[in-house]
Amino acid sequence: MIKFENVGLRYGIGPEVLGDINFTLDPGSFHFLTGPSGAGKTSLMSLIYLGRRPTRGLVTMFGQNISDLDRRKLVPIRQRIGVVFQDFRLLPHLSAFDNVALPLRILGRPEKEIDNNVNELLDWVGLGDKTNVLPPTMSGGEQQRIAIARAVIARPRLLLADEPTGNLDDEIGFRLMHLFDQLNRMGTTIVIATHNQAIIDKLGHPCLVLDSGHLHVDEPKNWIQKKIEGVF
Amino acid sequence: MFTKKDRKLGVAEGKRQYDLPLNKAEGSGFLILLISLMTFLAVIALAASFVLGAMTQRWTSGLENRLTVEIPAENEEGVILPNEDVKTLTADIAAALSKHPAVKNTEILGEEEIQELVSPWLGDDMVLKDIPLPGLISVQLHITNPDTLKVLENKVKDITPTARLDTHQTWLNDLLRFTGAMQFAAAMITLIIGVTTVTAVAGAIRSRMAEHRAEVELLHLMGAKDDYITEQFQRHALLLTLKGSTLGVLAGALVMTFISLISGDTAAALVPDFKLNALHMITLFLLPVIACAISAFTARHTVLHVLADMP
Ligand SMILES: Nc1ncnc2c1ncn2[C@@H]1O[C@H](COP(=O)(O)OP(=O)(O)OP(=O)(O)O)[C@@H](O)[C@H]1O
Ligand SMILES: [Mg+2]
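So the protein lines, in turn, are chains G and V.
FYI, this note's numbering numbers position 89 of the first sequence as 89, with every residue one higher than the one before it.
FYI, this note's numbering numbers position 36 of the second sequence as 36, with every residue one higher than the one before it.
It should be emphasised that the hints constitute simulated quantities derived from the structure, not laboratory data.
Don't be surprised by glycine CBs; every beta carbon is placed ideally from N, CA and C.
Any given hint might turn out to be false.
Unchecked claim - Okay, the calculated beta carbon distance ranges per label pair:
# : chain 1 : residue 1 : chain 2 : residue 2 : range
1 : V       : Arg235    : G       : Asp115    : 18 to 24 Å
2 : V       : Glu211    : G       : Gly126    : 30 to 36 Å
3 : G       : Asn119    : V       : Lys24     : 21 to 27 Å
4 : G       : Gly126    : V       : Ile192    : 58 to 64 Å
5 : G       : Lys73     : V       : Gly180    : 51 to 57 Å
6 : G       : Glu16     : V       : Ala214    : 35 to 41 Å
7 : G       : Gly8      : V       : Gly203    : 50 to 56 Å
Said to hold, decoys possible - The following residues of chain V were derived to be distant from chain G, with all beta-carbon distances above 10 Å:
#  : residue
8  : Glu112
9  : Thr160
10 : Leu219
11 : Tyr228
Given these sequences and hints, build the entire structure.
Next up, the structure:
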């Protein structure tokens, strides 16, 4: 479904933030992306959701070579990807409801369907009573749940979440991980960037480990432990 | 206690119109004002060019096929002729001209009419018999072209070489050149108005795009088609322009009504019974439509240009 071959990324004329990234994500897989702060997790995510073009290497998404496609052909690919941004990127002047409804409106779904789906999901993430509230007046955790709801509302084929549990207490964190797990069982491919070792351990999915711009795939085990043990 | 305003704080109000807060954008008022001003000027320029057009048409249609023959009251040697002789000559020339197929009719101006013409210069109390009066023939033609005029002139000069043909061509040409220049100026003003409007709208849209760059980029990343984003800016520009141009046209119509009221007789004398006809009215009220089209097109073009730079 996603294939990176010798992908490199640099910002402007700076040093390579990512170098020689090689990995493949199979449809329906569930990966954690982990690594120290500044390792390039967010940067790698942005390459996957087509927020940036790599400075070198080959990116294949949904069977298509990204660099061969023209702008128009990228639209349907983007519509199949849901993203929870590390900084949420909610639209501050839109209500919680309208923020979550955005992907459906972009897809041109009828308002009635949007109404039902959005309200149901907002209830599910525990914000059923805040549909009309504007994001800037919400707590960090509430905003994060809005961001997650927005990312999953259109049932994406690929879900990327950058530190989706950073501001959440353990209970709601696990609840959301459970949501991700359910989506994964329904066929959604999932990549979650996180520092939360408890969650990684509990769910036991393979890890993509980024360290100073390089990536290796790790089977479900405590990578920090390994680092301490001096494995790499 | 909560006031109504307190409760509204932080709560989305009303129905969502845009994904981007364009309807609350700052500077919209200024753009509306600018567009209404531009439309107002366009109304005035257009109206002026309509009036000029009507004037020109009137003058040309009235005068083009007319010429005046003047038979001076003196012969080639400068000897004053008796009035009787002048009258005979005048009658001869009128008769000769009438025979030409290009001539529709001829009219010899009588003494009273000539007196009327000269009285502003000479005063009413001049005794006509005392001064030598020229003969004047007003000639209406079926067609006017240089060849015919030449033939007619020769005919007249055969009878008396001192006679002069006044075709009104010279001053008419001056007048036409003047109204032409005015119409050209009006057209240039309209063009400048158009360019200014396009520039203003493009500038406003570009600054809105810059202001909401992060949001626009987000929509783009979520898979919004260019059209989805463009339409929001287009609708925004369209609404502003509709408001502004409607205001402008109304103000223009008001001012024109006012002008025609206060200038009443003068205007009528200058431009006999000129009224805006249906076509003119349609053109004037089409202005907002044209302005909106220009504006929407500009907004669309501007947004697409910015979007093209996104990954
Ligand atoms: N827009 C940018 N322009 C220039 N450099 C950037 C930009 N974004 C990130 N970087 C740099 O790229 C490197 C990787 O950043 P990135 O945000 O991908 O790390 P991260 O793994 O997500 O970190 P964290 O765990 O703190 O979120 C950092 O050194 C950062 O300074
Ligand atoms: Mg990050």
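Worksheet item: Hints broken by the structure, by number, lowest first?
Response: 6, 7, 10, 11
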